[in-house]
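Keeping their order, the protein sequence lines are chains G and D. Start counting the first sequence at 1; every next residue gets the next number (the numbering used here). Start counting the second sequence at 1; every next residue gets the next number (the numbering used here).
If you are wondering where the hints come from, they were derived from the structure by calculation, not from laboratory data. Treat the hints with care, since some could be wrong.
What the hints assert, rightly or not - Lysine to any residue pairs mimicking SDA-like chemistry, simulated, CA-CA at most 25 Å apart:
| no. | chain 1 | residue 1 | chain 2 | residue 2 |
| --- | --- | --- | --- | --- |
| 1 | D | K104 | G | P61 |
| 2 | G | K78 | G | R111 |
| 3 | G | K11 | G | G59 |
| 4 | G | K11 | D | F35 |
| 5 | D | K104 | G | K14 |
| 6 | D | K104 | D | F35 |
| 7 | G | K14 | D | F35 |
| 8 | D | K104 | G | Y10 |
| 9 | D | K104 | G | S62 |
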Amino acid sequence: GAGVSQSPRYKVAKRGQDVALRCDPISGHVSLFWYQQALGQGPEFLTYFQNEAQLDKSGLPSDRFFAERPEGSVSTLKIQRTQQEDSAVYLCASSLGTLGQETQYFGPGTRLLVL
Amino acid sequence: AQTVTQSQPEMSVQEAETVTLSCTYDTSESDYYLFWYKQPPSRQMILVIRQEAYKQQNATENRFSVNFQKAAKSFSLKISDSQLGDAAMYFCASPGNTPLVFGKGTRLSVIA
Numbered sequence: 001g002a003g004v005s006q007s008p009r010y011k012v013a014k015r016g017q018d019v020a021l022r023c024d025p026i027s028g029h030v031s032l033f034w035y036q037q038a039l040g041q042g043p044e045f046l047t048y049f050q051n052e053a054q055l056d057k058s059g060l061p062s063d064r065f066f067a068e069r070p071e072g073s074v075s076t077l078k079i080q081r082t083q084q085e086d087s088a089v090y091l092c093a094s095s096l097g098t099l100g101q102e103t104q105y106f107g108p109g110t111r112l113l114v115l
Numbered sequence: 001a002q003t004v005t006q007s008q009p010e011m012s013v014q015e016a017e018t019v020t021l022s023c024t025y026d027t028s029e030s031d032y033y034l035f036w037y038k039q040p041p042s043r044q045m046i047l048v049i050r051q052e053a054y055k056q057q058n059a060t061e062n063r064f065s066v067n068f069q070k071a072a073k074s075f076s077l078k079i080s081d082s083q084l085g086d087a088a089m090y091f092c093a094s095p096g097n098t099p100l101v102f103g104k105g106t107r108l109s110v111i112a
């Protein structure tokens, strides 16, 4: 079956613009995760959904970042009033069941460049 | 803060040789899984191997194996018979303050 997909793959935004990043998890996967990966670094956790419920958003760096998964499938990460420090690769991952014991399957990422 | 430490930013190995990537972690979980992920250049992250902490037996997946020392909170990855396609960033991950905490990665180069 299809893996995790993300769109767009690349996004260039002017500072101050709003952006929306989409994630399509593997069909039937309950858990969905968003990560931010700076150049040369490991992924850093942003937020986690179990079905449509956002159970953990402790990693969101500011109130400009907002994520939703209204029907428990597709998720959108929105960044308002983008800043240069938001430039990074945003990774989405999904897993079949509850966190901790399930393997997370990653999408290809969205590379965001804020000018 | 609960952290994952990969002390080798870069490693290199000759083709067909063996290399070990180190990782230490710090989790307060009592029952947990540990993961090694591979991220080839400009390609997506894929799982290499995972270890269940309550199992004493080290996980093995073809040429990849782990040396898991629970008391020392150490979880190293051994790659045997290295191949050119093994060249990538390797990330160790464990549960922590967030569902999964990743190390900063080790860049592995394979020399033909």
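Against the structure, the hints:
1. K104/D <-> P61/G: The hint holds at about 19 Å.
2. K78/G <-> R111/G: 14 Å, holds
3. K11/G <-> G59/G: 22 Å, holds
4. K11/G <-> F35/D: Violated, at roughly 30 Å.
5. K104/D <-> K14/G: Violated, at about 29 Å.
6. K104/D <-> F35/D: Judged against 25 Å, a Cα distance of about 14 Å means the pair holds.
7. K14/G <-> F35/D: Violated - the C-alpha atoms of F35/D and K14/G are around 37 Å apart, more than 25 Å.
8. K104/D <-> Y10/G: Status holds; Cα separation ~23 Å.
9. K104/D <-> S62/G: Status holds; Cα separation ~22 Å.
The structure shown violates the earlier hints numbered 4, 5, 7.
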